[in-house]
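Respectively, the protein sequence lines represent chains P and W.
Quick note on numbering: the first sequence equals residues 7 to 320 in my numbering.
Quick note on numbering: the second sequence equals residues 3 to 278 in my numbering.
Careful, some of the hints might be misleading.
[What the hints assert, rightly or not] Derived contacts from chain W toward chain P, CB cut-off under 8 Å, selection only: (1) Thr132; (2) Phe216; (3) Ile239; (4) Ile253.
Derived by calculation from the structure, the hints in this document are not laboratory data.
Since we're looking at a predicted model, the values are computed, not measured.
Just so you know, even glycine gets a beta-carbon here, dropped at the ideal spot from N, CA and C.
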Amino acid sequence: MLNYAIKRLGLSVAIVSLAMFLLFCMIYLVPGDPASVALGPRATDAMKEALRVKMGLDQPIWVQFMNFFMGAWTGDLGEEVLSGRPVLDVVFEQLPYTLVLIAGGISWSVALGIPLGCWAAIKRGSLADRMVGILSVAVIAVPSFVIAIYALLIFSVTLRWLPAIGAGEPGDVGDQLIHLILPSLAVGLGWVGYIARMVRASMLEVLEASHIRTARAFGLPDRTITYRYALTIAILPTITLLGVGIGQMLSSAVFAEIVFARPGVGKLVYDAILTRNFPVVTGAVLVTTVIFVLLNLIADLIVGALDPRVRSSF
Amino acid sequence: MRSVRRLLREPLGVFGLALVLLVIFGAIFADLLTSWDPTRINPRDRFLGPSTDHLLGTDQLGRDLFARVLHGGRIALYVALVSTAISLAIGIVLGLIAGYGPRWLDNLLILLFDAMKSFPTVMLALALVTITGPSLTAVIVVVILVNVPGYARIVRTQTIAIKTSEFVTAAQSMGASTTRILRVHIMPNVIGPLVILASMDIPVVIAIEAGMSFLGLGVRPPTPSWGSILNDGFGQIRETPWIAIAGGLPIIITTLGFTFLGETLRDVFDPRLKGR
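If we strip away everything but chain W, and leave its shape as in the complex, we get:
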């Protein structure tokens, strides 16, 4: 509770929180906030500029951009939540194995993590999509491949640091099983800093989803995504700039909101991580 109060004393944190809540609110109540269908094509209403009827205008197929932006938020937040959760789960398991398991397995996993990190993200995405074809799943897989090495490394370092401490030795000598030691003694000490770091990675995840959809490697049309709106707008940037603006604005708001919030949270909860 004290942490929450400290967060609310930081203007930047409050600003970030407000932006994040705005995006979440828009995504949840998308259907109530606008009566337009984000995928319905209206050829007669193509390329309408922003007005009271269409707050952000319409795109090349006459679809309402405000509705598309709100529904695009659902995709962005869905990818952020699902892929972060899966990355965390895999990262924790691999990190615990590397940190607590035999030395050769540790070395092998470290090599694997380094290899995974050695592909530039966009190249990884491009290469993967050549096999799978563009889809939301491909986006989630790319995010997992990008995130897991970092998370697993942190868990591994923490596990190695904790496994020689006295309370773990005591548990071992009392006959506690490996799973019990990992679950009861090591996990709780690892998870705190990890969750903070994962929350700071959310802007990166959102950028990957939007970026891949922008390149046509992510969400398939007609499903609205901020990246695909940006791509629609990019094609028409000279004639109808509001489409590109409508696609870019939510990406900026969301990444800034999560970053400001994450930075403040980190300083409030764990000053040791400052400056990372």
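This is chain P alone, in the form it adopts within the complex:
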């Protein structure tokens, strides 16, 4: 297991390094001199030259790359063009909003997906099972930003049940939760489908197992068998699936933040692109990539710990 963990960790480090390299190439490829872009058209040549030296743009490319690379590994992602604040601070300031949004998305997907999957498994082959199957595929297929806009249109604009923009009053948890309902639904709805399918499949497997047969032979009530003995086991694969899910929900979160005008990393990057604030773009992309890689690492390590076959095939 240790051997596997070290190899898997090495892979993650390599992936993050490669991502940094690609991002560096990207910055280098951006047309126009970053110093002139940052200072605007009225800057003098001397000012531009001073900023260029400050940003290290006067050094050879490989020195620039090493500076960027070593800086990125130690958390120095450069400074924001306008305010001069460290990019990492700016990103970490927005990150909690995105993480809360994703947590909300997971809550939706678990709260709806597990009961639906369970129900479909118990009623296997019935009309209910088929409906859950079709519904699962449907919510996976429809893109989250379409769901976000239609949800906004139905629940905020037409019915006026829920607020349309912002993350709620700071400090007012109730208000923040109300503002979270629709965006997190848009983020999590697709995963209701994945989780329902996953829970259904593993429930069907578990319901055939001998300990369930024994429980039935003892005459335990169906409810106890389903929820206490079967579901607790059937839920395990779903947990590792969620590891991947959080990463993919990052993408949906970007759209949800833009549609519902919520603060967050996605909105940050989007606004940074519009204002050509490139250090923020690369910094935020790098931070989300690291989170994504970490989550996949954790999910793989959990699976590796539970299933020795995964370790040997690596």
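Given the structure of chain P, go ahead and fit chain W onto it with the hints provided.
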């Protein structure tokens, strides 16, 4: 032929097929189905609600939304076809190299695939567009970067499984060249499951195109795309909700149609892939 008959016995498959045919029909015969020009600006007809004249209404520039939706279908299907074809070609080549080539190259390619998959899709798109600027090509490149790792991995796994089988060993001992073995013996065994998987990815491709155009990272105005119609509508969602509805509806119809069709096709052609 038997597969087709089995597909037609599945209600969900037939429904999916009908939706897909509807979208393709609309895209091909867009010019015959409406006389409105999708890019022509009519300031006097701004924000008209749906009527017999303008079936889906008009947008903030007075352009007919029905015409824009039909022509947007051309963009969506074009991106889906072109980017899937290129992804398949690159995926097959890289997968064959990884599966049949030397071990170090295999490891290097696997690392590359994992790295490509480690960017969240939207972040990848946002980062790429900062360099290239928004364009249809940027959309296609993003789709390729998203799709290729998965396809190459499948081809690699299949190639490794097949390359030690007896008929390949026999061909090798009879002096067949590497290209011949790859082309005649390995490719045909790899391509079937791959094409089914690629067809199931079409809704994802369409979602990427629409999503990027929605964010203003894809198709440039005035070219109609479902995503950009949705964005036009999003800006006016309180006053004129029909624009957003017109943009979202074709995305829903197309993704659902291709998904239902793909799921059924997979079950009919290759039950082994069920549940993926």
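Taking the hints in turn, this is what the structure says about them:
Annotation: interface hint on Thr132 (chain W) holds; nearest CB of chain P at approximately 6 Å, less than 8 Å. Because the beta carbon of Phe216 (chain W) sits about 6 Å from the nearest beta carbon in chain P, less than 8 Å, this interface hint is met. Annotation: Ile239 (chain W) was flagged as interfacial toward chain P, and the flag holds, the nearest CB pair being 6 Å apart, inside 8 Å. With a least beta-carbon distance of about 5 Å to chain P, the hint placing Ile253 (chain W) at the interface is held under the 8 Å criterion.
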